[in-house]
Amino acid sequence: MWLVTGIDEEHRFPDWVAAAAFYRQIVEDWVARNGGPDRCGDQARRVQDLPPGGSQEVEFTAADGSGETVRFALSWDIGGGRTDHFVAC
Numbered sequence: 001m002w003l004v005t006g007i008d009e010e011h012r013f014p015d016w017v018a019a020a021a022f023y024r025q026i027v028e029d030w031v032a033r034n035g036g037p038d039r040c041g042d043q044a045r046r047v048q049d050l051p052p053g054g055s056q057e058v059e060f061t062a063a064d065g066s067g068e069t070v071r072f073a074l075s076w077d078i079g080g081g082r083t084d085h086f087v088a089c
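Residue numbers in the sequence shown follow the UniProt record's numbering, run continuously in steps of one, and reach 89 at the last position.
The set of hints was computed from the structure by calculation and includes no laboratory data. Predicted model only: the values in this text are computed from it and were never measured. Every residue gets a Cβ at the ideal spot worked out from N, C-alpha and C, and that includes glycine. Do not rely on the hints blindly, as some may be mistaken.
Pair by pair, the computed Cβ-Cβ distance ranges are [unchecked claim]:
| no. | residue 1 | residue 2 | range |
| --- | --- | --- | --- |
| 1 | R71 | D15 | 19 to 25 angstroms |
| 2 | R12 | A62 | 33 to 39 angstroms |
| 3 | S55 | D29 | 19 to 25 angstroms |
All chains, please: the whole structure from these sequences, using the hints.
What follows is the structure in structure tokens.
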């Protein structure tokens, strides 16, 4: 499963195309609400260069001046979202 993570969300997709479209959407929406591509720089443009079938992570500094880092990621989730396997130490 493809895993897309954002500020406070996590979504899984069986299909890379759907996952990439959602990833691009949430990143572009965040960029638009937080100063646009001019403020966000190259990280905002990286989502357009996402290689087919590839993973990516982008980071931005929050626009509210808090210095907080905001991360978005598209990655292959090996566990597929399953939580039926636990490891005890």
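Holds or violated: the 33 to 39 angstroms window for the beta-carbon distance between R12 and A62?
violated (26 angstroms)
Quiz item: When you take the CB atoms of R71 and D15, is the distance between them in 19 to 25 angstroms?
Solution: Once the Cβ atoms are compared, 23 angstroms apart, the range 19 to 25 angstroms for D15 and R71 holds.
Point to revise | Distance restraint evaluation - S55, D29, Cβ atoms, bounds 19 to 25 angstroms | key: With a Cβ separation near 20 angstroms, S55 and D29 satisfy 19 to 25 angstroms, so the hint holds.
This entry does not satisfy hint 2, going by the numbered hints stated previously; all others are met.
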